[in-house]
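Participant: Chains as they are written, first to last, in the numbering used here: chain A, 1 to 508; chain B, 1 to 313.
No lab work stands behind these hints: they were computed from the structure.
It cannot be assumed that every hint is accurate.
[Stated by the list, open to error] Computed footprint of chain B on chain A, listed as stretches where at least three residues anywhere in the stretch have a Cβ under 8 Å from a Cβ of chain B:
1. 110-120
2. 269-281
3. 385-398
4. 438-447
[Said to hold, decoys possible] Cβ-Cβ distance ranges computed for the label pairs, FRET-style:
5. A/492 to B/41: 50 to 58 Å
6. B/152 to A/117: 51 to 59 Å
7. A/264 to B/41: 49 to 57 Å
8. A/138 to B/54: 40 to 48 Å
9. B/160 to A/88: 34 to 42 Å
10. B/126 to A/39: 51 to 59 Å
11. A/134 to B/6: 36 to 44 Å
12. B/54 to A/250: 53 to 61 Å
13. B/96 to A/88: 50 to 58 Å
14. A/137 to B/29: 44 to 52 Å
15. B/123 to A/250: 43 to 51 Å
16. A/134 to B/149: 47 to 55 Å
17. B/149 to A/112: 49 to 57 Å
18. A/250 to B/149: 40 to 48 Å
Even glycine gets a Cβ: it sits at the ideal position worked out from N, Cα and C.
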Amino acid sequence: MRRNKPALIASISALALLLAGCTGQSATGAGSGGGATKDTLTLAMNADIQGWDPSNQPGYQGWPGEAVWDQLVKCNEFGKAEPDIADKWSISQDSKTLTAHIREGQKFSDGTPVDSAAVAATFEYMTSHGGSSGDYKGIKIETPDAQDIAITWPAPEPLIIAKACAPKITTKALLDSGKINDTPIGSGPYVLDAGATTRGSVYTFTKNPNHWNAASYPYQKLVVKVIESETAAVSALKTGQIDGTLISAQSYNEVQASGKQITTMHGVTTRLLLTDHLGKKIPALGSLDIRRAINMVFDKQTMVKSLYQGHGEPAVQIFRKGSDAYVDGMSDPYPYNVDAAKALMAKAGYANGFTVELPTMAGQNFETLMPYVSQQLGLLNIKVKQVPLSGANAIGDLLSGTYPVVLWQLGNLGESLKDIDVAVRPTGYWNLSHQPDATVEGLWKKIAGTSDVAERKAAQQEINKYIVDQAWFAPMVDPDGFYAHSADVKIDHVSDFEGLAPKLRDFK
Amino acid sequence: MALSVVKNLARSLAVLLVVTFATFTLMFGNGPGIAQAVLGLNARPEDVQREVVALGLDQPLLVQYWHWLSGAVTGNLGESFYTGQSVTEALSSRVPVTLALVVITLVLTVVLSVLLGVTAAVKGGWVDRLLQFVSVLGTAVPAFIVAIVLVFTFAVAWRMFPATGYVTPELSISGWVKSVTLPVVALLVGAVASAAAQFRTAVLDTLGRDYVRTLRARGISERHVIFRHVLRNSAGPGLTVLSLTTLGLLGGAVFIEQVFALPGMGQLANQSAQVNDVPMVMGTVLVTIVIVLVVNFLGDLTTILLNPKARTR
């Protein structure tokens, strides 16, 4: 029987067409493997940005936003203000008013000057747009001239700097145009190159040579690629297609073996949130003994060694080391002791335990943590019922207060006031049961009523000691976070107050 | 034949309406959840409510669906809840990526599976057994596993192809070929394995027919018998398999695009479905249904053209 020559030739031709690419010229531009060069920084981010509305920009991996926009002031890793659009600023004695001077000579990417009118328009815009509009409710803005601005909150605002750091300053004309999502206008260190950008896939920026702080951004070109899969991002890093990406502990050894650099960060604390302090939903949690018993049942050293492969430290408090609320040298008041924990359960009348529902969501390392946590709570006869949350309602359900106990790798912020605001105060969205507490609110008022740094710090540490004593949380581990990058890129310092990823200005 | 075509089109339109309405219904009722996800953790209840209204999620199901459908008819598929990007704009950059993968894979699948299927059926013996073994293996191994192996071998170890990313042909033809090669090969393995086995069976079945024996008895060359008669009569089952393969490739592209970080429709569908981005999900569903219906329509049409008996049904 003769061979089927036409089909064979067709097949070989098709394969040859594909393999022809092996010898083709290397690609350049959007979507290509750019890689590390002296003048291009190519980063991967594992989720796309939510468009170009300045009121809705992520802090986490927010490199596109950091590229195109400046803020009035920038926050450092501990939430302290650093110069940006404003070169000078001050806060009033009553902690209500931020007064700032805008440096002269700055221009937006459309050529218009950066002035107090633009800053005022952006802050006004924040009062009615995005998810943080509550932070700006009731503000009054005065602009005595083009370079000076005063923003006044209706009540003493301890987080005034954090709130001044957030808005990305753009032009009034763009904000009024209704085309906020089309093309961003900012005065940041880079300008979007729309022609080399494909939304959802790759964003390309060219350096703004007129930026006031251009020297802090050494790269002539910035490319940010959306690569959702960590496996794909690691492959891209190893082959030089990108210069940096966030990685998990699972990829640590592989990346290290490939000769790439890894920067370690400490931005989260794995913890149980025991928010039903009054025992309204789970009566047992109203007992301090029960909350303390739960704290004593986790062997933190073993967790670090076995669950985090040594990448982390046992946690005693929820605040980040170096932040104002962190208490240096605090020893663990609840060392691992199952027998003592059982005794506390019996003393509280819960020797036979009770049942808790723990919600689970993708991306929280539950597959590793939950078996251990369930097992340890089981030693106290506390039965864990896992409730998987998914889809768009997941976050709403999680924060609804339906589940007063949550296992979470929750951020520990460099600005501990913010941590107190969101996770400790009754109004905080991570204080899931929102139960009032006179001690915490009294100390918060003390913080709001003074501008003395030392007094504020002391009050924050008092809050910390109080919630540790009251066992509002069961902190377990401060796991390491990792940013992998090529040796050509230097990252000496991570200035993200969330501690989750380097900021654009950290890439040298 | 014209009646068959009209019937096919009417059926396709009905399927399109049913599937889009079913998809819309499945995503309905998540208004506050979607608004909260759009605004973030910090959003106050009043902000969430404001966003629900702004996105039109406070409207009844039928009203929302009608708005979407009437917009879709005029080519306006709305804007993403999350990015504000026009759905049409997003699809216009992503559909070509996915179609490139699927069409190239399909063309190669036709060529390779016919070649392998016919060779195995005609030659028999060890060639046939080898094909069956390889076919089972190729069908059993998921495309994303093949993709990962390809990345580690040809991108990471040998640096012959890029590990991730997509280059448009307008930018660089060779760059485009390089960027689609590994994804296409990853999709091709399973598709060829499955289709070749089906072609082999169809050809074997046809070779056993009386008229083939008659043709051979008349002294007609084997090549003529195979290419003019056997292949033509085996085409019916083969086309059905290729229709199904095309749909399978669309599904496989979702995973392959993740592994190779390709900005295709599968990646968009995956991202959008995770966060209930209704306009984006509806856009990707609509395009997918249209592709499926067109493939089925073309499959039916080809069958009608090749097989006179099908025209009378």
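Participant: Run every hint past the structure and note whether it holds.
Facilitator: Against the structure, the hints:
Counting residues of the segment 110-120 of chain A whose beta-carbon sits less than 8 Å from any beta-carbon of chain B gives 0, not enough to reach three: the coverage restraint is violated. Closer than 8 Å: that is the beta-carbon criterion, and the segment 269-281 of chain A has 0 residues meeting it against chain B, so the requirement of 3 is violated. For the segment 385-398 of chain A, the proposed coverage by chain B is satisfied: 7 residues have a C-beta within less than 8 Å of a C-beta in that chain, meeting the threshold of three. Coverage of the segment 438-447 of chain A by chain B is violated in this model, with 0 residues showing a Cβ closer than 8 Å to a Cβ of that chain against a need of three.
Hint check: residue 492 of chain A to residue 41 of chain B, Cβ distance near 31 Å, so the stated range 50 to 58 Å is violated. Between residue 152 of chain B and residue 117 of chain A the Cβ separation comes to about 55 Å, which falls inside the hinted range of 51 to 59 Å. Checked against the given bound of 49 to 57 Å, the beta carbons of residue 264 of chain A and residue 41 of chain B, roughly 26 Å apart, lie outside it. Judged by the Cβ atoms, the range 40 to 48 Å given for residue 138 of chain A and residue 54 of chain B is violated: they are separated by roughly 22 Å.
At about 56 Å, the CB distance of residue 160 of chain B to residue 88 of chain A disagrees with the hint of 34 to 42 Å. The hinted range of 51 to 59 Å is satisfied by residue 126 of chain B and residue 39 of chain A, whose Cβ atoms lie roughly 58 Å apart. At roughly 58 Å, the beta carbons of residue 134 of chain A and residue 6 of chain B sit outside the given window of 36 to 44 Å. For the hinted restraint 53 to 61 Å between residue 54 of chain B and residue 250 of chain A, the CB-CB distance of approximately 40 Å leaves it violated.
Between residue 96 of chain B and residue 88 of chain A the CB atoms are about 52 Å apart, so this pair conforms to the stated range of 50 to 58 Å. For the pair residue 137 of chain A and residue 29 of chain B, the supplied restraint of 44 to 52 Å is violated, since their beta-carbon distance comes to about 29 Å. Take residue 123 of chain B and residue 250 of chain A: their Cβ atoms lie about 47 Å apart, and the range 43 to 51 Å holds. A C-beta distance of roughly 50 Å is found between residue 134 of chain A and residue 149 of chain B, which places it inside the suggested range of 47 to 55 Å.
The supplied range of 49 to 57 Å is met by residue 149 of chain B and residue 112 of chain A, whose beta-carbon atoms lie about 54 Å from each other. Range check, residue 250 of chain A to residue 149 of chain B: Cβ separation about 19 Å, and the 40 to 48 Å hint is violated.
Against the hints set out earlier in the document, violations occur for numbers 1, 2, 4, 5, 7, 8, 9, 11, 12, 14, 18.
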